[in-house]
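Enquirer: All chains, full assembly: derive it from the sequences and hints.
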Amino acid sequence: GAGVSQSPSNKVTEKGKDVELRCDPISGHTALYWYRQSLGQGLEFLIYFQGNSAPDKSGLPSDRFSAERTGGSVSTLTIQRTQQEDSAVYLCASCPQANYGYTFGSGTRLTVV
Amino acid sequence: GENVEQHPSTLSVQEGDSAVIKCTYSDSASNYFPWYKQELGKRPQLIIDIRSNVGEKKDQRIAVTLNKTAKHFSLHITETQPEDSAVYFCAVLQGAQKLVFGQGTRLTINP
Chain A
4 GAGVSQSPSN KVTEKGKDVE LRCDPISGHT ALYWYRQSLG QGLEFLIYFQ GNSAPDKSGL
64 PSDRFSAERT GGSVSTLTIQ RTQQEDSAVY LCASCPQANY GYTFGSGTRL TVV
Chain B
3 GENVEQHPST LSVQEGDSAV IKCTYSDSAS NYFPWYKQEL GKRPQLIIDI RSNVGEKKDQ
63 RIAVTLNKTA KHFSLHITET QPEDSAVYFC AVLQGAQKLV FGQGTRLTIN P
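Respectively, the protein sequence lines represent chains A and B.
One gets the working numbering by counting positions in the first sequence from 1 and adding 3 to each.
One gets the working numbering by counting positions in the second sequence from 1 and adding 2 to each.
Source of the hints: derived by calculation from the structure; they are not laboratory data.
Among the clues, some could well be false.
[Stated by the list, open to error] 20 Å max Cα-Cα, derived SDA-like pairs, lysine to any residue:
no., chain 1, residue 1, chain 2, residue 2
1, B, K39, A, D59
2, B, K39, A, P58
3, B, K24, B, Q40
4, B, K73, B, V56
Expert: Next up, the structure:
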């Protein structure tokens, strides 16, 4: 597609449930990033994929968070046993190389009730 | 790791006046500095960026200046218009791999 696509755009889940968030990057972009943006806050780095290299998971806040990227394209961010503090907008971004400006998706707004 | 501080957190200016937002960073090896604009409810969008081999870059009403010695860079918006109202984020490329963002500046243009 022409841009970074994320789904779902909104997700309301009950505390304790697992959720999966999907990101479809721009075709050909080798670098893919997940960030989290809490209400009125900045962008918190979560995880980074670059080609076939091992991902940089240094930003994941707990072991309830995991992500994978299949075939160097689509990525899925999984949050297990969701907590209320997980409520935020989860943004995915991709770029052709790590040292270029990102193109962000529209995000998934996650609400844990 | 990289530490990015952005000031001010909020900024209100009269339409037509200039706005300046400043960021400082900690890693002297950093060499790429983009700025993003995020309108309410929308995704962040890249508006301008600068690399460490230049001190200033302009694009119409926006410009970015970089002082590598002092480790700070600034966004300048001239002749501000209502559509400039948004949250602006600076960022620094850490380890040539990932962007570390400032906390954002909410800019309001008053008519």
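Enquirer: Going straight from one Cα to the other, do K24 (chain B) and Q40 (chain B) come out at no more than 20 Å?
Expert: Given pair K24 (chain B), Q40 (chain B) holds - Cα atoms ~17 Å apart, limit 20 Å.
Enquirer: Measure nothing beyond the straight line between the CA atoms of K73 (chain B) and V56 (chain B); if it is 20 Å or shorter, mark the hint as holding.
Expert: holds (13 Å)
Enquirer: For the pair supplied as a hint, K39 (chain B) and D59 (chain A), confirm whether the alpha-carbon distance does not exceed 20 Å.
Expert: This hinted pair is violated, its Cα atoms lying about 26 Å apart.
Enquirer: Run the distance test for K39 (chain B) versus P58 (chain A): straight-line Cα separation, threshold 20 Å.
Expert: Judged against 20 Å, a Cα distance of about 27 Å means the pair is violated.
Hints 1 and 2 from the list above are not met by this structure, while the remaining hints are.
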